[in-house]
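Engineer: In the order they appear, the protein sequences are chains A and B. When you number the first sequence by this note's numbering, it's gap-free, plus one each residue, and the end is 332. When you number the second sequence by this note's numbering, it's gap-free, plus one each residue, and the end is 398.
These are calculated hints, taken from the structure and not from any lab test. For clarity, every value in this text was computed on a predicted model and none was experimentally measured. Be aware that a few hints might be false.
Now the stretches of chain A that chain B is said to cover, found in silico as 3 or more residues with beta-carbon under 8 Å [claimed, not checked]: (1) 231-238; (2) 251-257; (3) 275-287.
Cut-off 27 Å, straight-line C-alpha distance, at most; resulting in silico cross-link-like pairs (DSS-like, lysine-lysine) [as the list claims (entries may be wrong)]: (4) A/Lys231 with B/Lys159; (5) B/Lys159 with A/Lys244; (6) A/Lys228 with B/Lys374; (7) A/Lys258 with B/Lys323; (8) B/Lys240 with B/Lys323; (9) B/Lys267 with A/Lys258.
Cβ coordinates follow ideal geometry from the N, Cα and C atoms, glycine included.
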Amino acid sequence: MKREIGIVAYKCKKCGKLHYPFHDRCLACKGREFEQVKPQGNAKLLTFTRIYNLPWGFDQRYLTIGVVEFENGVKAMGQLKVDESYPLEVGMTMQPSWESVRVQYGEDVYGLALRPLE
Amino acid sequence: MRDVAVIGVGMIPFGRRDEDTLLEMLAYASLKALDDAGLGDKTVDAVYVGNMGGGIIQHQTAIASSLVDRLSLLPAAADVVENGPASGGSAVKNGVLAVASGYYDTVLVVGGEKMRETTGWRATDFVATMTHPQAEYIYGVTLPGMAGMFTRLYMEKYGVTREALVAVAIKNQHMGGLNPYAHVEMAITKEGIYDDHASIVNNPTIADPLHLYDACPVSDGAAALILCPLEKLKNPAKPPVVIAGFGQATDTHTLQEREDPTDLKAVTLASQQALEMAKLKPSDIHVAELHDAFTILEIAESEHVGFFKKGEGAKAALSGKTAFGGTIPINLSGGLKARGHPVGGTGVAQVVDIVWQLRHELPKERQVKNAKNGLTVNFGGFGNNVLSFVLRRVEQ
């Protein structure tokens, strides 16, 4: 079953600044009213890294993490679901999905997963 | 505000200290500082302990209360200051404010961490708990991972090469080899870690484009200092060093919300505040201890503090300007890269190392001749909470 991307960004009703994650006051104008914005479309890869010294909770050899920008300007971190040898590049278009990104206390934790748009 | 002098300093060798508990390490460093200040059997008014992980790793909270009891400093006021890897710097700041305000006259500041008693897996997770719980931590991002993403952007924007990162690692491990308090005392060369086949084994990727030798070790260690008002110092045995300025600034929790993720705004603001308070310019600084948890950070911070223009830090590292004998020697202790990084202790250790420099107490292979002004940068989170101190030698 395809899950909806579970990220909600917040657009300041006063100045229009887009935030993710949530802030109680706008980082630009201190406004307190926000319109909820869902990320839209595909996402551009802004930066990434492949981590080999993993934290507790990840029983695998490496983990690829990146920060992306969606077509409507929402920026978020996510896990990049690619093989170790895949030639990732900053600026690539990635297809987002909402998948299990780790298991904590026996439960799946869902988050942003990204794959290169073929 | 009163001028605040550092009248005593102490440190224990960083590294793997299986024989000591966290409390013992804090106590040993504190005793050294008390003795260095010549306090003998006297007590202090207040104690600030910089520590990040006692509650998580050692399952021990409220360790400042334990420390005053162990050191017979009762009934001194005692607080733990937790601010991630900037806990030490925050503890120093609290001590400085307490003395400068006139509320306390004699303050012990000590910072320490015991990180090697847990696995690397757990230690990495413990440090990652300072990332955003929902927007970052769940993905398994680590601090080396944050640094890897930052490095990729910095390399692309400013043309920083791996060779420049390696130059920082070589310099700092060379200095660590000269420092009896350093965790890593092994000097390294470019051969074997940079561009030959052996480097694949010796210097594996940890969070690309960062490699093993780009990262600081996970350390046990502690450092301490004693503060008092300069005006109360009568015929000091050692040249007084004052905290001439300090600054602290914060930035967004997540890297993605920074307008330019390569711009370490909090480093710029904190160091500017410290320099302005001291009425000095970056060019007036004779020696600096910067927070090189990763080699890229020494380069980036050297630019954000104002020692070099943006994009010039890597060239400076390659040309030896930041080495011993260079125009602005950085991390002559070995820095976090070689002295080590017991997270809560680092900010205090940086100040201790600068005090030794300004007292002219170090052996000649690490002592900057006639050093009068020094600067530190203690970098918390991934640049979201930064402290900077400017220290000055007071001529008698």
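Engineer: Kindly indicate which numbered hints from before are broken by the structure, ordering the numbers from low to high.
Structural biologist: 2, 5, 6, 7 and 8
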